[in-house]
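Chains as they are written, first to last, in the numbering used here: chain A, 5 to 862; chain B, 78 to 307.
Keep in mind that a hint or two might mislead.
Here are the computed lysine-lysine pairs in the DSBU-like style, where the Cα-Cα straight-line distance is at most 35 angstroms [what the hints assert, rightly or not]:
hint	chain 1	residue 1	chain 2	residue 2
1	A	156	A	183
2	A	656	A	62
3	A	62	A	189
4	A	231	A	664
5	B	95	A	849
6	B	205	A	456
Residues from chain B that face chain A, not an exhaustive set, calculated with beta carbons under 8 angstroms [what the hints assert, rightly or not]:
hint	residue
7	111
8	127
9	133
10	153
11	156
12	157
13	159
14	175
These aren't lab readings, by the way, just hints derived from the structure by calculation. Even glycine gets a Cβ: it sits at the ideal position worked out from N, Cα and C.
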Amino acid sequence: MIGALGQVTFQQWRAHRLRTLLTIIGISLGVAVLFAVRTANVTLLSSLTLTVEKLAGKATLQVVGDEGGFPESVCETVKDVPGVHVAQPVIEVLANTAFADEGTLLIVGVDMLGDRELREYQFDEEGSEIADPLVALAQPDSILVSRTFADKYDLEDGDKLPLYTSQGRREFVVRGIFKPEGIGKVFDGQIAVMDVFNAQYVFNRGRNIDRIDLMNEADVDVDQLAKRIRAAIPGGIEVTPPTARGEGIEKAVSAMRIGMLIASFIALLVGVFIIFNTFNIAVNQRWKEIGVLRAIGVERRNVQLMFLAESVMMGMIGSLLGIALGYLLAVGAERLMSEVAAKIFSYVATQQPPVFRWDYAITSFALGTVTSLIGAWLPSRAATNLDPALALHNIETRQREAVLGRGRLLLGLALIATGLLCVAFAPLRVSLDYQFVYPLLMLSGLILVLPKMAELVARILRPFLDRLFGTEAVLAVESMIQSPRRTTATVGALMIGLSFVFSTASYVQSYQRTVSQWMGRFINADLIISTSEMARSRTYHFSEELGRQIAAIPGIKRVENVRFLFMPYAEDSIAVVSFEMDGWFARVNDPIDVGDSNEARQQLLAGKGILASRNLTTRYGLSIGDTITLQTPTRPFQLPIVGIIDDYTSEKGSIFFDRKLYLDYWRDSSVDMIDVNLEDSLRQDPAGAVLVRDRIQQVLRGQHRAFIYTNTEYRKWVLDLIDGFFVINYMQTAVAVVIAALGIVNTLIISVTERRREIGVLRAVGGLRRQIGRMVLLEATIMAIVGVISGTLAGMMNTLFLVRTAASMVGGFTLPFHFPISLIIIALPLTILVSLLAAWWPARKAVNLNVVDAIGYE
Amino acid sequence: MRMIELVDVSRSYGGLTKVAALSNINLTIGAGERVAVMGPSGSGKSTFLNLVCGLDQPTAGTILIDGVDIGILDDDSRTRLRRERIGMIFQTFNLLPTLTAIENVALPLRLNGMSRRVAEPRAVAMLKRVGLGGRLDHRPDQLSGGERQRMAIARALIFEPPLLLADEPTGNLDSQTGDEILDLLDQLHGELNMTILLVTHNEEAIRFCDRLVRLRDGRVVNDEKMERGR
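Construct the complete structure from the given sequences, taking the supplied hints into account.
Okay, structure coming up:
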C-alpha cells in the first residue's frame, strides 16, 4: 500500500511542480541560512584560533596581561623560573601601511636573538642578499614581511615600507621575506615581523610587552611550570597554553555570534509556515482524492502517513540542498564576520575554507526534516479526519473552515498576556536561555489569534476596498476570510519575517537614540581624534607627543588624552576609561546620576575614587562606596565608587577615573582618543570646528593615521558603527522575508488552483481577464496589509523583549521602547510591492485559466 | 427575429488525431423560443452550449448571437456579451461559496462596474422574484439544492438577458424540486420572454420546451417542433 500511496504522491509532485519546487526552496533557504551561520561561526573561531596557534609557534605556554600589556621585566622573571627552556617577549599590533590603500598589516614584534627557537621562519632565499634576516632585524628600521604581502605591494629585499606608527609615519626597510607558510599564512599573509624593542618604541608601548611565549624544558610538566610561573609574576598576568587563548577570543566575539545564530533560526521558523501552508492546501486540493482513497479502503493512518512521508521527503531534499547552499554561503558569512571581528575586536583571522562539520550537517538536516514534519502534521491530521462521503461531494458542499474556536482565541490571548507580564516583571536572575521563552510565548499567542485578527482586518478593509476596487476586492477579501488556515499560514510567515525586521531595526534605533542622548550629555569635546575607523584599536595607540603637537595648533584651547581598554574583572571583563577629568567636569553639566555630585567631583579629581556605569553596578550588585579592584602591572588598583552614571560605552560595564591614576598604576602613556577643545571664539563659529579639523589634518597628513571628527560627525559615526554591527542580522532577516515572499507565491498559486472553479464561474458570468488578475493581486495586497499589521504587533512585542529583557541580560541596561512609525510607513508599500511581485505569476495563471475546464473542475 | 444562428459550425479537439465534437452544425433559434437540446453522453451537447455562450470557439463556421458574430469579438467583448446578454445556469449551480445570495446575484452587475448601492437592491428584487426573499444573506452552503438553483437563475437573469442557457438545470435535483425550477423558468419566460436553450436528459424538461434538437456524434439528427405540455 505504501508503494501505491507513494506513487499517488509523486504524481502530485509532477502535477504541481512549481508548488513542490517553491516549498523545497523555502525549506532549503531556511536550512541554508542556519547551516551557513553555524559553519561560519565555527570557521571564524577556527580561523581566530589558527592565528593564535600559528603565532605561538612551538610555545607551550603564554604569559598574557590585559590590553595595556605588562612590564618587560616580567620576561626576565619568567626566564628565571626553573623549567623554562626559552621565554620570548612579543608585541602584536594591527597597524596600517602608508601606501595608497592604507592596508592593514599585523606586526609581530619579537626578540630576534631567541625567537627562532620558538617560531620557524621559512625565508624565501630567492633574490635575498641578507645572510640572516633575523639578525638583520637588529637594525632599527628593519622589517620582515611575508611573500604574500611583498607580492601585493611589489616589495623586494631592501625596498622601503612606510608604516603609520604611534610616532607618526616611519619608513622601514624590508630585510627579509618569509614564505607564505607557518607564520606567513597568518591573517592571509598580511603579516610582518620587527624587533620587539623597536616595536615598543614606534608603537608607544614604553617598557611594556603584550605577552611572553615560552617553552618548557623537556622533562618539566607544563601545568606544574604554569603554577610556578604564576607564583613568580605579579597578579593580573595570566599563564595559559596557547590553545586556551582561543576561548577568550570566543568569549569576546560571542555577542556577535549568538545574535546571528538567533536570526538564522528565524529563517527556519518561517519555513515551518510554508510547509504548513503547502500541506494544508494540498489536503484541501486533494480533498476528493483523499475521499476516493478512503472509499477504496485506505486506512486513516495510511492517509496521514502518505502526507507525512511526503513532507519528510520534501524536508530531506530541501535540507540537503540547504546544506550545500549553506556551505557556499558560509564563505561570505565568515568573511563578513572576520571583518567585524578584526574591526571591532581587533582579532585577526587566518583565512581558511569553511569548516565542514558533519554534526552541523546532520543537525541541520534533522532540523529541516523535522520542521517539515511539524509543518505537515496538522494538515495531515485534517486529511485523516475527512469524511469520505463529504469529500466525494462537490466543492460547494464543503463546510466553511471554522475560523477560530473561542478556546484557541483565549489561549492565544493568555499566551500573549503571559509573555508580556514576564517581560515586564520577571527577575533578571533567570537565565537568558529561559527568558527566550517570553517572545516565543507572545509569538505563539499571536499565531493563535492571527486567524481572527486576519478576519477582523479583512472585514474592516472590505467596505473600503469595495468602494475603491469593486467586487474583485470583495471576492479577494472573502477568499481570505473563508480560508483562514491558508491565510494564517501565509500571513503568519510574513508576520514572523517582518516582526524580526521590525524588532531588529527598532532595537537598533532604540539603542542609537539612547546612545545619541548619552553622547549629547557626555561627549562634549569639539573635535575627537581616534586611532581607528572603529571606536578604538586594541593594539594601535597614539603617543602623548601627538597630543602635544595638536595642542600647538592655533585655535585649540586644550587637548585631553583618553585611554580606553578592557580589563579582566570577576571572571569577565570591564571597560576601563581614563581621561583628564578636570576638563570634562568643566564642560559637562551635572553628569552624576547617583551620588553626591560635588563630593564625587572632588574625589575623582583627587584620584581617590572612580565613576561606575549603571550597568556595571546593576550586574555586580554594586553601589556608592563599594570598591572595585583591578590587577594592574604595578600593584592592585583598589578604589571606591563615588558616583554612578548612565553609560553605554560597553555592554560589560565601565569605570572612569582620572588619567593621572592610569599613568601611575599602569605605567602606560598610550592614548586611544584625543579630545580637542577649541578657543571660545572658534566654538561660537559654526565653521570653527571644521576649520581646526582641517588644520589638524594638514599637520597629520602623511605622518599619522588618525580619524578626526567634529562632535556632530563623531556622534553620527558612532551611530553608523552600531548600524554596521547589525548588518549581518539585517541580511538574515531579509532572507526570512524572502522566504515569506516565497510563501506568498506558493499560497497564491495554491489559492488560484483551489479556486479554479470559482475563477471559471466568474469568467463565465462575465468577469474580464483583468478583473480576475486584479482579484488575485488584491488578495496579495490584503495579505501584505494584514502581514504588516500583525508583523508590527509581533515586532513591538519582540522589541519590548529586546529593550527590556535581552538588553538587561546582555548589557545590564534597559533601553527606552522606541518603535519607529517611519519603519511601518516604509515597510507597508515595500511589502505590498513584494507581495504583488510574488502574485504576478499566480495572477497570470488565473487570467489564462481555461474557463470550460475550470467549471468542470472538481 | 433570430437570436442564435450557427452556420457550418464544427469543433474538434486534439493534436494529430483530431476528435470532432461537433460537425457542420447549421441551426437557427428565434427570439423567445424555448429549445431543448438532447443527446447521449459525448454527443456534443456541452460543446454546443460552450460555443453559444462564447466560452469556447469553433474550429470552423460562424456563430451569431442576437446578430453579433462572436467569432470576430476579442475575449473582453465576448465576456461582456456573455455578462449582459446571456444568462447561464448549470447543473452544479456554480455559485460562489464565499458570497451571500445578494452578493452572488449582484456579481454580474458589480463586474459591470455598478456600485454596490445600486446593484444590491436589484439583486434583492430578483431574489424575491425567484422566491428567495427570505434567504438574502444566506450563503450557498446554507441553502437547499432547489434554492441554490433559484439563486443561480436569479444571477443569470439579473441583466434580464435575451438569452438564457441552461445546462442540465434539474440534473442535481429531485423530481419535485426539478419541476419547481422548470415552473419558475416557465414563469420567468412569461415575464421576460427570453430565448431559452436547455440542455437536458430530463424527459420532463422537454415538455417545458416548444422545440427539440437531438444531437448524436456531433451532428443534429433531429430538429422538431413540440407541443408545450405544461
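Tested hints:
In summary, the hint linking residue 156(A) to residue 183(A) is supported, as the alpha carbons are separated by about 14 angstroms, within the 35 angstroms threshold. A threshold of 35 angstroms between alpha carbons decides the hint, and for residue 656(A) with residue 62(A) the separation of about 34 angstroms falls inside it, so the pair holds. The suggested pairing of residue 62(A) with residue 189(A) holds, with an alpha-carbon distance near 16 angstroms, which does not exceed 35 angstroms. With a C-alpha separation of about 34 angstroms, the suggested pairing of residue 231(A) with residue 664(A) holds against the 35 angstroms cut-off.
Distance hint between residue 95(B) and residue 849(A) is fulfilled; the C-alpha atoms sit about 27 angstroms from each other, no more than 35 angstroms. Proposed proximity of residue 205(B) and residue 456(A) is supported: the alpha carbons are some 34 angstroms apart, at most 35 angstroms. For residue 111(B), the suggested interface contact is broken, since its CB lies about 22 angstroms from the closest CB of chain A, more than 8 angstroms. Satisfaction of the interface hint for residue 127(B) is found here, the shortest Cβ-Cβ separation to chain A being roughly 5 angstroms, below the 8 angstroms cut-off.
For residue 133(B), the suggested interface contact is upheld, since its CB lies about 6 angstroms from the closest CB of chain A, less than 8 angstroms. Interface restraint check: residue 153(B) against chain A, minimum CB-CB distance 5 angstroms, threshold 8 angstroms, status holds. The criterion of a C-beta within 8 angstroms of any C-beta in chain A is met by residue 156(B), whose closest approach is roughly 5 angstroms, and the hint holds. Because the beta carbon of residue 157(B) sits about 7 angstroms from the nearest beta carbon in chain A, less than 8 angstroms, this interface hint is met.
Here the hint on residue 159(B) is kept, as its CB sits about 5 angstroms from the closest CB of chain A, short of 8 angstroms. For residue 175(B), the interface hint holds, since its Cβ comes within 8 angstroms of a Cβ in chain A; the closest pair sits about 4 angstroms apart.
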